[in-house]
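K.L.:
Line by line, the protein sequences give chains A and B.
Using our numbering, the first residue of the first sequence is number 6, and each one after it goes up by one.
Using our numbering, the first residue of the second sequence is number 199, and each one after it goes up by one.
Derived by calculation from the structure, the hints in this document are not laboratory data.
Keep in mind it's a predicted model, so treat the numbers as computed, not measured.
Incorrect hints may appear among the rest.
Far from chain A by the CB rule (all over 10 Å, computed), these chain B residues [what the hints assert, rightly or not]:
id, residue
1, 216
2, 245
3, 330
Think about it this way: if two alpha-carbon atoms lie no more than 25 Å apart in a straight line, the pair counts; the simulated DSS-like pairs of lysine-lysine are [unchecked claim]:
id, chain 1, residue 1, chain 2, residue 2
4, B, 237, A, 100
5, B, 249, B, 237
6, A, 110, B, 267
7, B, 257, A, 100
8, A, 74, B, 229
9, A, 74, B, 236
10, A, 74, B, 237
11, A, 182, A, 74
12, B, 249, A, 100
Cβ coordinates follow ideal geometry from the N, Cα and C atoms, glycine included.
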Amino acid sequence: MENAHEAVAEHAANAPTAGEYIVHHLTHFNSTGHAQSAVIDFSVINVDTVVFSILMGILGLFVMWRVAKSVTSGVPGRMQAAVEIVLEMVNNQAKGIVHSEESRKFVAPLALTVFIWIFLMNSMDFLPVDLLPSLWQAASGDHHAFLRVVPTADLNGTLGMSIGVLLVCIWYNIKIKGLGGWVHELFTAPFGSHPLLYPINFAMQMIEFLAKTVSHGMRLFGNMYAGELVFMLIALMGAAWAGTATGAFLWIGGVIAGSVWAIFHILIVALQAFIFMMLTLVYIGQAHESH
Amino acid sequence: MNLNATLVAQLVVFFILAWFTMKFVWPPIVKALDERAKKISDGLAAADRGKHDLELATKRSAEALREGKEKASELIAGADKRAAQIIDEAKSQAKVEADRIVAAAKAEIEQEVVRAKEGLRERVAELAVVGAEKILRREIDAKAHADILSTIKQDL
Numbered sequence: 006m007e008n009a010h011e012a013v014a015e016h017a018a019n020a021p022t023a024g025e026y027i028v029h030h031l032t033h034f035n036s037t038g039h040a041q042s043a044v045i046d047f048s049v050i051n052v053d054t055v056v057f058s059i060l061m062g063i064l065g066l067f068v069m070w071r072v073a074k075s076v077t078s079g080v081p082g083r084m085q086a087a088v089e090i091v092l093e094m095v096n097n098q099a100k101g102i103v104h105s106e107e108s109r110k111f112v113a114p115l116a117l118t119v120f121i122w123i124f125l126m127n128s129m130d131f132l133p134v135d136l137l138p139s140l141w142q143a144a145s146g147d148h149h150a151f152l153r154v155v156p157t158a159d160l161n162g163t164l165g166m167s168i169g170v171l172l173v174c175i176w177y178n179i180k181i182k183g184l185g186g187w188v189h190e191l192f193t194a195p196f197g198s199h200p201l202l203y204p205i206n207f208a209m210q211m212i213e214f215l216a217k218t219v220s221h222g223m224r225l226f227g228n229m230y231a232g233e234l235v236f237m238l239i240a241l242m243g244a245a246w247a248g249t250a251t252g253a254f255l256w257i258g259g260v261i262a263g264s265v266w267a268i269f270h271i272l273i274v275a276l277q278a279f280i281f282m283m284l285t286l287v288y289i290g291q292a293h294e295s296h
Numbered sequence: 199m200n201l202n203a204t205l206v207a208q209l210v211v212f213f214i215l216a217w218f219t220m221k222f223v224w225p226p227i228v229k230a231l232d233e234r235a236k237k238i239s240d241g242l243a244a245a246d247r248g249k250h251d252l253e254l255a256t257k258r259s260a261e262a263l264r265e266g267k268e269k270a271s272e273l274i275a276g277a278d279k280r281a282a283q284i285i286d287e288a289k290s291q292a293k294v295e296a297d298r299i300v301a302a303a304k305a306e307i308e309q310e311v312v313r314a315k316e317g318l319r320e321r322v323a324e325l326a327v328v329g330a331e332k333i334l335r336r337e338i339d340a341k342a343h344a345d346i347l348s349t350i351k352q353d354l
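Excised from the complex, chain A in its bound form:
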């Protein structure tokens, strides 16, 4: 990458260095217009993440809604069959994990939503890394405008969803066990009911909830963030062809690496969406079980 960096810097003085390119690509288009400086600042909102996640949500739900409107119990069309396959898969997983039929009326559609939505948001990674940012820069007239198109490569996006799952878990904990029952469980599980063990149990439970939620969100974020970063590095390698003797090979290398990574990424996109959905079901299923 150092070669690419130098080559790009030498031959196009106004072009960004590799480091600048990546930092620019990893900066959100937010409500302030510049990179967020504080680690946590709830006065800022990432417009790109919100817009693209809502767009993907609407796209996924619109397609499924259209299928649901014209659904037939006779011979299904291809689109209906495709939606049915996903729905049946999610429904079977939900049946295996969440044993309460009443809960499944909400949990199974939730899992389906999560799967489709995350799949589509992850799929934004398949677009060329510079395509939408360049279009946005041209459209907005600002050649330094920031834009990140993969909502799941934003920690806010994934943690938002995992906290949503946490809230659902707390809701079902209280609904199934009663508020008293749940509080009792918080203090007596996993080690047993003894006053000396209450603080330890409670601490363990809190750590468990925190770890579940953070790892749930972080896992998806980490995968998509890393995937996005690798696409950027491959783009840099492809861009390094300009004017160097080894450049042509780098360009070819960029094409090959880009293709390989994009194909491999199909797996990651689907797998991470599936994992997030499965963990959602598992955590909600755990909320139904008494220790």
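With chain A held as given, fit chain B onto it using these hints.
P.N.:
Below, chain B without anything else, positioned relative to chain A:
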């Protein structure tokens, strides 16, 4: 990697999307799937029933065929027997009739014989009277000796 209000927005969107799916997407599709599953199981059951019915019908038709054959052979046997009986009856009737006819003929012949004898007797008597008349014309009066002649006639 910074946290901000996007998290809250995502959280809200998450629940809105889930609610929408629960309300408008999931129920109709699941309903259709359940209906189709029922249709298929009904269809399979109907096919099984049809197969079973076919088996029964085949069995029934074979039974009917067998029964028909039995009845037909019974009928034929009955008819044969009856025919033989009729023939026998006819034979015996014919025999009776023939005997009757023969007997009648015999009786008639006997009668004829009697009548012929009678006629002959008369004729002989007449001839005898004529002969006697011719012989006795001269000396015997037919009227005076009529009782003697009738006695002779009786002995003939």
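K.L.:
All the hints need checking, so say for each whether the structure fits it.
P.N.:
Comparing the hints with the structure gives:
1. 216: Check fails; 4 Å does not lie beyond 10 Å.
2. 245: Consistent with the label, residue 245(B) stays out of reach of chain A, its closest Cβ about 18 Å off (over 10 Å).
3. 330: holds (136 Å)
4. 237(B) to 100(A): Between residue 237(B) and residue 100(A) the Cα gap is close to 22 Å, so the pair holds against 25 Å.
5. 249(B) to 237(B): Given that 25 Å is the threshold and the Cα spacing comes to 18 Å, the pair holds.
6. 110(A) to 267(B): violated (66 Å)
7. 257(B) to 100(A): violated (46 Å)
8. 74(A) to 229(B): The given pair, whose Cα atoms are some 12 Å apart, holds under the 25 Å limit.
9. 74(A) to 236(B): holds (20 Å)
10. 74(A) to 237(B): holds (20 Å)
11. 182(A) to 74(A): Judged against 25 Å, a Cα distance of about 37 Å means the pair is violated.
12. 249(B) to 100(A): violated (35 Å)
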